[in-house]
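Protein sequences appear in the order of chains A and B.
Going by my numbering, the first residue of the first sequence is number 134, and it counts up by one from there.
Going by my numbering, the first residue of the second sequence is number 2, and it counts up by one from there.
Because the hints were derived from the structure by calculation, they are not lab data.
Check each hint, because a few of them may be wrong.
What the hints assert, rightly or not - Below, in silico cross-link-like pairs of lysine-lysine (DSS-like), each with a Cα-Cα straight-line distance of 30 Å or less:
1) A:Lys333 with B:Lys299
2) B:Lys356 with B:Lys193
3) B:Lys193 with A:Lys318
4) B:Lys486 with B:Lys299
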Amino acid sequence: MAPRNTGSLRRYLVTRLLLVIPMVFILLTVVFVLMRVAPGDPIQASVGAHLSPAQLAVREHQAGFDQPLVVQYFHYLGQVLSGNFGTAITDHQAVTQIIIRNGGATLELTLSAMFIAVAVGVPLGLLAGRMRDSWVDVSSRLFGIVIYAAPVFFLGLLAQELFGRKLGWLPTSSQASVLTQLDIKSHTHVLILDAMIDGKWGDLPDLFKHLVLPATVLGLTISGVVIRLVRVNVIQTLRGDYIEAARARGIGERGVVVRHALRNALVPIVTITGLQAALLMSGAVLTEQTFNWPGIGNRLVFYLEARDYTAVQGIVTAFTLAVVVVSLLIDIVNAWIDPRVRY
Amino acid sequence: MRKAGLGAVSVALVLGLAACGSSSSGGGAAGPGGGSANPKATIVLGTTDTIVSADPAGAYDLPSWNFQYNIYQKLLAVPPGTSDVAPEAGKCDFKGKTTYVCTVVPGQKFSNGDPLTAEDVVYSFNRVLAINSPNGPASLFAPMKSVSASGDTVTFTLKAPDATWPNVLTTAAASIVDKAVFPAKKLLADDKVVGSGPYQLSSYTPNQLAEFTPNPHYGGTDQLNNSKFVVKFEQDASTLVSDAQSGQVDIAYRTLSPTQLSALGNSDGLSLAKGVGIEIRYLVFNQKLQPGGTAEQKLAIRQAAAQVVDRSSIASSVYRDTVSPLYSIIPQGLNGATDALKTAYGAGPDVTKAKAALAAAGVSTPVSLTIWYNVNHYNDADLATELMRQLNASGLFKVKLQTAEWATYDKAALTDTYPAFLFGWFPDYPDADDYTGPFFPCKTAFLNDHYCNPEVDRLITAEQASTSDTERNQTFAQMQTLLAKDVPLIPIWQGGQVAAVRDGVTGVESTLDPDYDFRFWLIGKS
């Protein structure tokens, strides 16, 4: 039985990996077409106001922007296949470098946000499920719905206004203050980790201080989903025969809920939490914009405004791959924690 | 689960405590000092500018040039507070109408210790042309036929007489690079650049932070008033305002709205430093598409509009006097500038004269006119609204406004799509030719507005060929008189330069001049 399970999981994972190829291909094509359909190009956005239409046309010709779309498309695909995402025209940065450098900041933000989402969502969902239809349940559900429905940038602005400007407790922008940034040498591009690697413990307070608002805002938004999901699963699990059996064995209610109900309820939660990776990424784009967080989403908006085809395509591909990898990992974790899972 | 829960609570506590317990951030060290001048000061400048490239061959934009001005030397430079051309790493003069010869000043070194030679100069120019980056400055070297080195002498051979060539040599496009470091056919990565200017780029995280420290081998004459200069790149103006108010940055420079500047000027510990700016904004008429049945009627409509526009009101009501009324395409502060439109149409609006001009040409009023403007590049919504109000209030025009995003706007405006549109100009170098040469020649006009006056054409050729300041100024004066009569475009305002500066920071006003070269070395702290 066990070897057959392993085989089916392996087959499933291989299929999933193979499906990534057409998925990325379709996405690249869509982004490619959308970027070309939109007016303007990176050269015009950069130096348009200084050049005559004829001079601009010469430069666009040199960059190959006047070539047929099909030619440009296959040229780009060729580049991607060779592992080269190209160089952004707007600021001459290698797209791979942009992804690595700014990806670190996004990773720092999204992981912290996920931590907050789970730390807030699981206890509240658990309480709501356990105390179904009580005021705790109603309050938690209401909180979950409102926080999830509120646009992340709106929450961000409110938080900035309250904690930044009115109370003056927390900084409202950037990943760190200027001197902290200058003090930390980049190894992993995750500033907190880099500070720890170099033993710059004195920089950590400043880094955490800058992280609190964006991570909390993004995390709370995601927690809305977690609350509802945990609640539903806990309610369903509490109806199970084995819960009754546990109670019959004299196990205390707290033990029943935490050790039996929650543990079983966690399986679908892990799956859904993984699926939130995409939501987290899109939320990160907005959160990074709101808090001037130098992540990859922030750069995506910058390059979109500059019509930088190469950079946008590269970053979107990186986003896609990140979501795919997280989904795959979640499948593996699911199969590992729940032997009943079949593929 | 209990352990996990405890762990989560612990981490949250650590996170919260760390956040609450941290002291004030970087701005503290960069904040105002007290007492005497401090040559070891660190200065932090905040800006919403973005850098295209730190390599001179890769950028043709003011923010990148400001970066480069502090890293590299050119043969010539514009001294602070002037629009003159003076020696920097070379001493130059015309030897004949199309030969310009420079001698490299001895003792100049790059920050890696390599000596700066005439070969480096030649290499730098040829490299810009060879790379010909799509957003690079190669087009500025179009007048150059060839460049060669002999000993410590560099000889430029020009295609035609060109008095503006020395000005081109003051731009960052003419920055001298180390031929042993910079590849001949491709751009060098920003964090690898090496120059012979007063600073070296010590660290650079694109679009976040750049750290400049003194070039240990600097052989020039500029004295540094600080030991470190940091540029913080802000995502938007509101973040810049917030950072200036909280002391995260010592100087907030570009780009802030008049309202934001006013707020910063009224903030504790901050004041505004002002300087002459020669950025301009103007209303262009496409003479093919503008209203009017005949050339005479079209001219009368343009003249009537020029007669009705109240520039002073625009400067005060829209821009809170951070800009000045502009009465010629050549802004005040440059040699050769006149107030030609003030002479021709008066300082304020005169509806009676405008009405008479239209009536004389047989134009029925109100004239329907669509004016296009842009928001995401020029932020001209308020200007356009005020212009519409003024023109409509005269009873002679019925103006409709339309807007487009920059990507569409720039291309459409210059390719016969808009009958009238607002446009702006930032100079390459502080010379009157930069405001006439690209705009008005019949065949190569940048605006593609179908304006052609052979006499203006002739005057442009004449001023470009002359090396006499007096002669050129006279030519520019004649040209501006003609342009005031023809009104191919209506100059509206000339922008001043304004920066918000923390108390104790010195030297900002001395670098805010028509050259737009933000000289980091002039900035200090008391």
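Status of each hint after checking the structure:
1. A:Lys333 with B:Lys299: Violated, at roughly 69 Å.
2. B:Lys356 with B:Lys193: violated, 62 Å
3. B:Lys193 with A:Lys318: holds, 17 Å
4. B:Lys486 with B:Lys299: holds, 12 Å
Figure legend: structure checked against the earlier numbered hints; hints not met, in rising order: 1 and 2.
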